[in-house]
Every structure is written in structure tokens, then in C-alpha cells.
Amino acid sequence: MNYKSFFLVFLLLLMSFNSFPDKTSSNFISEKTTVDAESKIVAVYHQLDANSFALPSFESFSVALEGFQLLKEKGIVKKNILTLVDFSLASTAKRLWVIDLDQNRVLFQTLVAHGRNTGEDFAKVFSNKAESFQSSLGFYLTAEVYNGKHGLSLKLDGLQKGLNDKARERAVVIHGADYVSESFIKQNKRLGRSQGCPAVPVEMNEKIINAIKDKSCLFIYHPTAKEEIVAKLSA
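The sequence shown maps to residues 1 to 235 in our numbering.
Worth flagging that the hints you see were computed from the coordinates, not collected in a lab. Among the hints, a few may not be true.
Pair by pair, the computed Cβ-Cβ distance ranges are [said to hold, decoys possible]: (1) G151 <-> E182: 18 to 26 Å; (2) K186 <-> S234: 39 to 47 Å; (3) K186 <-> E144: 28 to 36 Å; (4) E227 <-> E169: 22 to 30 Å; (5) V42 <-> V145: 30 to 38 Å; (6) D49 <-> A130: 36 to 44 Å.
EDC-like mimics (lysine to aspartate or glutamate), calculated; alpha carbons at most 20 Å apart, straight line [unchecked claim]: (7) K72 <-> E144; (8) K207 <-> D178; (9) K213 <-> D100; (10) K215 <-> D49.
C-beta atoms are modelled at their ideal positions from N, C-alpha and C, and glycine is treated no differently.
Can you make the complete structure from the sequences, with help from the hints?
Here it is in C-alpha cells:
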């Protein structure tokens, strides 16, 4: 092999080595961080103690846990309790979960209502506007406990601008309601609906409120708004 040929081969080899991804680059670090975070979420999900309940879907749980962790890191959420509402499910399904993340255990799974203008059996339309009587999606922080017209109730602060930040002025709260029951479903083929509140069964109301009060995270999920929820969370 002459010197020119040898030099050409050497140059090609050098170029190919330089084309390998730089594992110290910000892109590589970012991708690795994302993979690690996703792996941790998968691990938490598979280690959850269902406690005789059904688990939420992985898709809804993964978005909920990612948001919870970010809000906890920011110091907004103070309590390791995550409440997940999956409005992709029918109103006749038990679509609210209260999860203790210290124990990795589901504490409660129960029925929960959506707003009267959000849909019949399935929740389809959502709003952050006053007097819309629709549910609002996204991440909330649990606030004050008080006694109102529905008895013991829990105020909520919406944490995502444009999605649910009007929750307090709309009086979107957790409360018990007699239309959130198996008997109502049996008579009407769907659950009763609220004015936008995530209302729960009367017999579960006090238990749920006592478990999730004091600045815990509540997340209301629907797949149609997944990208917007995640984008607003990261903003």
C-alpha cells in the first residue's frame, strides 16, 4: 500500500471515530436522564400494592407521577399522597385513586363525578371558565377543609394556567354527593354529574379528604389533553 492510500484510509477511520456520539454532550445527558426517569416510573408502577383494588392505567399514572415529582421538587406539593382521576373511563367505573407514595400502596379507589356539561357517561369537553359547569383537567394542590352546603369539603387550587387555574374562583372542590353512588348508576345507567367538582360518594368523602388534605397533589387526566398538560407543567 502506498503512502497516499494509507493516508486516505487513516483519514476515513479518523472521520468515522469522530462521528460517534459524544457521551458527554448535553443531548446524550438529556436522553439518559429521560430514560432514567421513565425507568423509575415503571419501577414504581410495578411495585404498587393494589390493596385489593384495580390499578390505574400506566399511561395515566406515568403522567401523574411525573407531574407529582416535579411539583414536589419545586416545593409546591408537601405530602407524598397522589390522587389520580382518569376521565378517559366511563362514569360508571371507579376512576379515582388515592395512592400513598411513601408506602407505594393504593389507599382508595372509588367513583367520582364529572361536570354536567362535560359529557353524559363519558367526559368529553373540559373548561376552565366560570359557569361552564364543566370539569377542568390537570394538576391541583389540595387546600383548606371547610363545611359547606355539601358538608365536609376540600378546596382545590389549580396549578396550570389556562387549564384549571380558575378552580378556586369557580368553587371547584371535593365534596360528597348522593348522586355519586351505585344506586344512581343502577337507576340512570350513568353516574350523576356535578357543576364541575370531582364529587365523591358520601360514605367515602371524609376518608378521602382526611387522607389528601394539607397540600397533596390531585391530577385529573384525559388523553386528549395529555400533551397540553405536560407542556404547561414544564413551562
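Structure-based check of each hint:
| no. | hint | verdict |
| --- | --- | --- |
| 1 | G151 <-> E182: 18 to 26 Å | holds (20 Å) |
| 2 | K186 <-> S234: 39 to 47 Å | holds (43 Å) |
| 3 | K186 <-> E144: 28 to 36 Å | holds (35 Å) |
| 4 | E227 <-> E169: 22 to 30 Å | holds (26 Å) |
| 5 | V42 <-> V145: 30 to 38 Å | holds (35 Å) |
| 6 | D49 <-> A130: 36 to 44 Å | holds (40 Å) |
| 7 | K72 <-> E144 | holds (19 Å) |
| 8 | K207 <-> D178 | holds (16 Å) |
| 9 | K213 <-> D100 | holds (13 Å) |
| 10 | K215 <-> D49 | violated (23 Å) |
The structure does not agree with numbered hint 10 stated previously, though it agrees with all others.
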